[in-house]
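Novice: Letter by letter, the chains look like this.
There are 4 protein chains.
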Amino acid sequence: MDLVHVALISYTPDPERTIAAAARVSVSPVTITELWERLSPERADSLLSQLLAAGHLSPFEHASFTFAIEGISRVTSHQLVRHRLASYTQQSQRYVSLKKLDYVTPATISARPELENKYHRVVEAAHELYSQMLEAGLPAEDARYVLPGAVETRLVMSMNARELMHACSLRLCLKAQWEIVGLFEMLKAEVLKVAPRLGAELNPKCYRLGYCDESVSCGLFPTREPPSAPDKAK
Amino acid sequence: MDLVHVALISYTPDPERTIAAAARVSVSPVTITELWERLSPERADSLLSQLLAAGHLSPFEHASFTFAIEGISRVTSHQLVRHRLASYTQQSQRYVSLKKLDYVTPATISARPELENKYHRVVEAAHELYSQMLEAGLPAEDARYVLPGAVETRLVMSMNARELMHACSLRLCLKAQWEIVGLFEMLKAEVLKVAPRLGAELNPKCYRLGYCDESVSCGLFPTREPPSAPDKAK
Amino acid sequence: MDLVHVALISYTPDPERTIAAAARVSVSPVTITELWERLSPERADSLLSQLLAAGHLSPFEHASFTFAIEGISRVTSHQLVRHRLASYTQQSQRYVSLKKLDYVTPATISARPELENKYHRVVEAAHELYSQMLEAGLPAEDARYVLPGAVETRLVMSMNARELMHACSLRLCLKAQWEIVGLFEMLKAEVLKVAPRLGAELNPKCYRLGYCDESVSCGLFPTREPPSAPDKAK
Amino acid sequence: MDLVHVALISYTPDPERTIAAAARVSVSPVTITELWERLSPERADSLLSQLLAAGHLSPFEHASFTFAIEGISRVTSHQLVRHRLASYTQQSQRYVSLKKLDYVTPATISARPELENKYHRVVEAAHELYSQMLEAGLPAEDARYVLPGAVETRLVMSMNARELMHACSLRLCLKAQWEIVGLFEMLKAEVLKVAPRLGAELNPKCYRLGYCDESVSCGLFPTREPPSAPDKAK
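One line per chain: the protein sequences are C, Z, W and R, in this order.
For the first sequence, my numbering assigns the number 1 to the initial residue and increments by one for each residue that follows.
For the second sequence, my numbering assigns the number 1 to the initial residue and increments by one for each residue that follows.
For the third sequence, my numbering assigns the number 1 to the initial residue and increments by one for each residue that follows.
For the fourth sequence, my numbering assigns the number 1 to the initial residue and increments by one for each residue that follows.
Keep in mind that the hints were calculated from the coordinates and are not lab data.
Misleading hints may appear alongside valid ones.
Here are the simulated DSSO-like pairs of lysine-lysine, each with C-alpha atoms no more than 30 Å apart in a straight line [said to hold, decoys possible]: (1) R/Lys100 - W/Lys118; (2) W/Lys99 - R/Lys205; (3) Z/Lys175 - C/Lys99; (4) C/Lys118 - Z/Lys100; (5) W/Lys118 - R/Lys205; (6) Z/Lys118 - C/Lys175; (7) W/Lys188 - W/Lys205; (8) C/Lys205 - W/Lys118; (9) R/Lys100 - Z/Lys205; (10) C/Lys100 - Z/Lys175; (11) R/Lys99 - Z/Lys205; (12) C/Lys175 - Z/Lys205; (13) W/Lys100 - R/Lys118; (14) R/Lys205 - R/Lys188; (15) C/Lys118 - Z/Lys99; (16) C/Lys193 - C/Lys205; (17) W/Lys118 - C/Lys188; (18) Z/Lys118 - C/Lys99; (19) Z/Lys175 - R/Lys100; (20) W/Lys188 - W/Lys175; (21) R/Lys175 - W/Lys99; (22) Z/Lys188 - R/Lys118; (23) Z/Lys205 - C/Lys100; (24) R/Lys175 - W/Lys175; (25) R/Lys118 - Z/Lys205; (26) W/Lys100 - C/Lys205; (27) R/Lys175 - R/Lys188; (28) C/Lys175 - W/Lys99.
A few chain Z residues that don't get close to chain W, going by computed Cβ distances all over 12 Å [unchecked claim]: (29) Ser92; (30) Asn117; (31) Cys173.
It should be emphasised that the depicted structure is a prediction, and the values quoted were computed from it without experimental measurement.
Note that beta-carbon positions come from the ideal geometry of N, C-alpha and C, so glycine has one too.
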């Protein structure tokens with residue numbers, strides 16, 4: 001079994017300055033070139049904080065990140081591609097025959113040796129039949145029906161910083177599925193290396209809300225009462 | 001094994017008239033109410049033809065269709081949700097435990113009894129282990145890693161008529177995967193019942209191109225030479 | 001000057017039941033047809049409340065609303081079309097010559113008779129020159145450069161219930177521009193007539209947040225301190 | 001009057017190699033890092049040609065371009081922001097008071113001295129009243145109703161290469177409005193400087209179709225008969 005591997009293969013250079021410069025355009029009378037030149041890192045940083053505090057998130061769309069993601073299960077890639085404001089190019093099980101079998105084993109299964117044993121046997125039996133079907137001349141696009149969700153896949157994903165903040169707000173919540181939580185932690189780590197201010201904003205939703213909106217809290221933030229109606233609030 | 005079942009559970013009433021009325025707004029000085037009342041079915045039909053001929057497809061976004069889809073494999077649902085300009089709510093393998101095992105068997109496998117036999121055995125062994133893991137207290141979201149791509153799923157999908165035409169242009173091409181071709185044929189059949197003019201436009205891309213742009217044609221339309229450069233064309 | 005006119009020309013029938021049925025699909029083992037039949041209005045209502053409380057908003061995308069909007073200024077239509085997850089067909093100033101001049105006058109201008117007088121004169125001078133240019137054979141697409149942002153336009157807009165809730169969260173805030181606030185109040189009134197439960201959720205963002213995130217509150221909800229860091233919150 | 005100014009302030013480094021590497025992921029069994037290293041410029045170029053010939057456009061989404069655009073009219077920015085698969089941050093007429101008046105004069109107006117004279121007088125009268133209203137304490141968001149569509153604006157736009165090809169296919173057609181044609185010619189020129197292979201694909205739709213689908217051709221490509229029905233084509 002391989003490990004998950006995430007690499008940031010490309011991104012908007014100077015992502016935080018790009019966002020800050022774009023945001024200044026909407027409220028400033030000076031030219032964009034001037035805005036760009038005047039933007040010190042400190043000023044950019046402070047502008048990002050203001051945007052976040054005010055919930056003005058659209059300028060964050062101007063910074064885009066392209067990741068290579070390898071070693072996640074098809075279970076997880078199926079969840080990942082549900083984020084529609086992003087671009088994906090995924091290894092095709094129609095065109096690529098999987099000679100070697102790489103697959104993910106959940107920790108709850110590894111913890112139970114008797115189940116783990118059966119798990120490996122069933123997954124390997126599936127791969128063996130897959131290989132037999134290919135040898136028998138069946139198309140890979142049909143043989144793959146027998147492959148389990150555990151089978152690893154690879155893909156390239158591009159996502160802008162606004163959508164990345166949104167996806168992290170959902171997928172870094174400990175109520176999300178463990179494999180996708182792990183993936184987003186690696187995406188965050190990659191962003192932190194090149195854009196520390198942005199990376200620091202890739203957090204579960206409770207960081208922004210100030211409370212937990214799940215039915216039971218993981219302990220990071222308490223749950224809260226639903227907001228009072230406005231007439232009561234006055 | 002269940003059969004695929006597709007039902008149109010909801011759609012924009014009067015979809016063709018809605019599209020035609022919207023299109024008239026852009027070029028007419030009269031009010032929208034007047035436009036609506038003046039639109040006979042024949043006039044709407046003729047306006048749709050003009051829009052299609054001119055490639056003015058945005059008014060087709062005003063008609064939306066909501067389908068219940070049951071009995072497709074996870075292999076196919078993973079492809080389906082890659083159409084991003086649509087809305088999906090899919091049965092979750094995290095929250096729903098699959099007591100009964102419904103799964104898809106590709107025809108190329110059914111055609112080979114010795115492979116088919118093994119296929120059923122492997123798929124059933126996977127489901128048996130899945131059930132054992134659930135009984136042993138493992139969460140469904142982990143047990144499902146062993147389930148094959150063949151396992152059936154159900155979902156609700158909403159797609160507007162413009163995206164439906166685009167998705168059909170790709171998925172009704174015989175080079176697409178057989179299960180998704182079958183699904184889109186059923187979606188088209190549903191649309192034809194309530195909007196025959198629109199339904200008739202749900203076709204593989206070659207109908208609109210007038211040629212086949214795949215490397216080998218299925219015979220419906222011939223492939224073509226790439227377009228000449230404009231200076232040569234003059 | 002005309003008044004703004006908003007009409008709901010089409011929408012997903014049974015919008016609340018459609019949303020509730022879609023939401024049930026993700027967590028229920030029964031078929032979609034059964035789900036649909038079992039859904040009483042009270043059950044649908046209660047499901048919508050649960051979805052909203054948990055922030056599970058994607059099922060709300062399955063209900064779509066198509067509005068005819070007439071009599072808003074080009075100033076406002078330019079803001080409106082910035083909501084990208086929606087479909088618009090707008091009267092074209094390239095193809096439609098505006099014989100009669102309909103335009104919007106802000107209340108702050110009407111309140112100052114000497115400015116209002118000048119305003120009408122300047123707007124009418126612009127329209128007069130526009131008409132002269134058309135008579136002189138200039139294309140409408142060029143003559144329109146002289147027309148003010150006040151000039152009225154009409155359009156058809158389709159938006160699903162999730163995006164409608166999002167757009168209202170921004171545009172019903174009293175810090176939004178008065179004309180677009182008024183437009184969204186009319187959109188909300190239309191939805192309330194056919195889907196009271198949904199319509200009741202079309203509110204400024206503070207209703208959901210439980211506080212005001214603008215720099216100064218209108219009084220409906222108080223502003224709040226930014227959320228504490230999670231380590232402090234524990 | 002200022003001239004339009006377009007600058008490419010940021011873009012995905014190595015855009016063509018990024019697209020080619022992503023595309024290879026879908027059909028190759030080797031790791032993404034290996035794919036990246038093996039990709040010579042010639043190989044990337046040839047892969048892009050294959051993708052374009054086959055109409056596989058989704059990998060082009062992985063390269064994104066961020067432009068500063070200054071000196072276009074509000075008439076044109078209103079058209080531009082209708083391309084929804086892009087990100088915009090535009091100078092706000094709510095928050096920025098336009099002390100100096102910069103505006104666009106269409107060539108058909110400049111060509112007619114008597115009309116041009118009136119045009120300047122009407123536009124300047126509008127700006128004068130605008131300034132008076134600001135001095136009288138009216139908010140900029142209301143005073144701007146009097147400003148003509150000719151008034152210049154500035155914005156930052158990010159668009160990926162797939163959407164840029166699509167937008168150019170519509171906006172480089174000589175049937176598009178002259179100002180937006182000019183803008184997209186400048187966007188193309190910027191892309192050509194850093195990604196010549198991609199830039200060469202930013203063309204009006206007829207280049208790809210091999211014919212003109214407008215009612216009257218500009219001469220670059222001939223119009224064509226609508227495609228025959230498939231049964232006739234066989």
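Novice: State for each hint whether it applies.
Specialist: The hints, checked one at a time:
A C-alpha spacing of about 20 Å is found between R/Lys100 and W/Lys118, which places the hinted pair at or below 30 Å, so the restraint holds. A threshold of 30 Å between alpha carbons decides the hint, and for W/Lys99 with R/Lys205 the separation of about 34 Å lies outside it, so the pair is violated. At roughly 24 Å between alpha-carbon atoms, Z/Lys175 and C/Lys99 fall within 30 Å of each other, so this suggested pair holds. The straight-line distance between the Cα atoms of C/Lys118 and Z/Lys100 is roughly 20 Å, inside the 30 Å bound, and the hint therefore holds.
Annotation: proposed proximity of W/Lys118 to R/Lys205 is violated, straight-line Cα distance about 46 Å (limit 30 Å). As the CA atoms of Z/Lys118 and C/Lys175 are separated by approximately 38 Å, the hinted pair breaks the 30 Å bound. Proximity of W/Lys188 to W/Lys205 is assessed by CA-CA distance (about 14 Å); at most 30 Å being required, the pair is judged to hold. Taking the CA atoms of C/Lys205 and W/Lys118, the gap is about 51 Å. The hint is violated against a cut of 30 Å.
This hinted pair does not check out: R/Lys100 and Z/Lys205 have alpha carbons roughly 51 Å apart, beyond 30 Å. About 27 Å separates the Cα atoms of C/Lys100 and Z/Lys175, which keeps this hinted pair within 30 Å; it holds. Between the alpha carbons of R/Lys99 and Z/Lys205 the distance comes to roughly 52 Å, so the proposed pair goes past 30 Å and is violated. Taking the CA atoms of C/Lys175 and Z/Lys205, the gap is about 42 Å. The hint is violated against a cut of 30 Å.
Between W/Lys100 and R/Lys118 the CA atoms are separated by roughly 20 Å; this keeps the pair inside 30 Å, and the hint holds. A C-alpha spacing of about 14 Å is found between R/Lys205 and R/Lys188, which places the hinted pair at or below 30 Å, so the restraint holds. Between C/Lys118 and Z/Lys99 the alpha-carbon distance is near 19 Å, which keeps this suggested pair within the 30 Å criterion. A distance of roughly 22 Å separates the Cα atoms of C/Lys193 and C/Lys205; the hinted pair therefore holds under the 30 Å criterion.
Restraint check: the Cα-Cα separation between W/Lys118 and C/Lys188 comes to about 57 Å, which exceeds 30 Å; the hinted pair is violated. At roughly 19 Å between alpha-carbon atoms, Z/Lys118 and C/Lys99 fall within 30 Å of each other, so this suggested pair holds. A threshold of 30 Å between alpha carbons decides the hint, and for Z/Lys175 with R/Lys100 the separation of about 59 Å lies outside it, so the pair is violated. For the suggested pair W/Lys188 and W/Lys175, the alpha carbons sit about 18 Å apart, so the restraint of at most 30 Å is met.
Proximity of R/Lys175 to W/Lys99 is assessed by CA-CA distance (about 24 Å); at most 30 Å being required, the pair is judged to hold. Distance check on the hinted pair: Z/Lys188 and R/Lys118 sit about 57 Å apart at the alpha-carbon level, beyond 30 Å; violated. Proposed proximity of Z/Lys205 and C/Lys100 is contradicted: the alpha carbons are some 36 Å apart, above 30 Å. Among the hinted pairs, R/Lys175 with W/Lys175 is inconsistent with the structure: their alpha-carbon atoms are about 40 Å apart, more than 30 Å.
At most 30 Å may separate the alpha-carbon atoms for a hinted pair to count; R/Lys118 and Z/Lys205 exceed this at roughly 51 Å. Restraint check for W/Lys100 and C/Lys205: not satisfied, since their Cα atoms lie roughly 51 Å apart, outside the 30 Å limit. A C-alpha spacing of about 18 Å is found between R/Lys175 and R/Lys188, which places the hinted pair at or below 30 Å, so the restraint holds. This hinted pair does not check out: C/Lys175 and W/Lys99 have alpha carbons roughly 60 Å apart, beyond 30 Å.
Some Cβ of chain W comes within 12 Å of the Cβ of Z/Ser92; the nearest lies about 5 Å off, and the non-interface call is violated. In this structure Z/Asn117 is separated from chain W by more than 12 Å, as the shortest Cβ-Cβ distance comes to about 28 Å. Residue-level check passed: Z/Cys173 sits 26 Å from the nearest beta carbon of chain W, beyond 12 Å.
Checked against the numbered hints given earlier, the structure breaks hints 2, 5, 6, 8, 9, 11, 12, 17, 19, 22, 23, 24, 25, 26, 28, 29 and satisfies all the rest.
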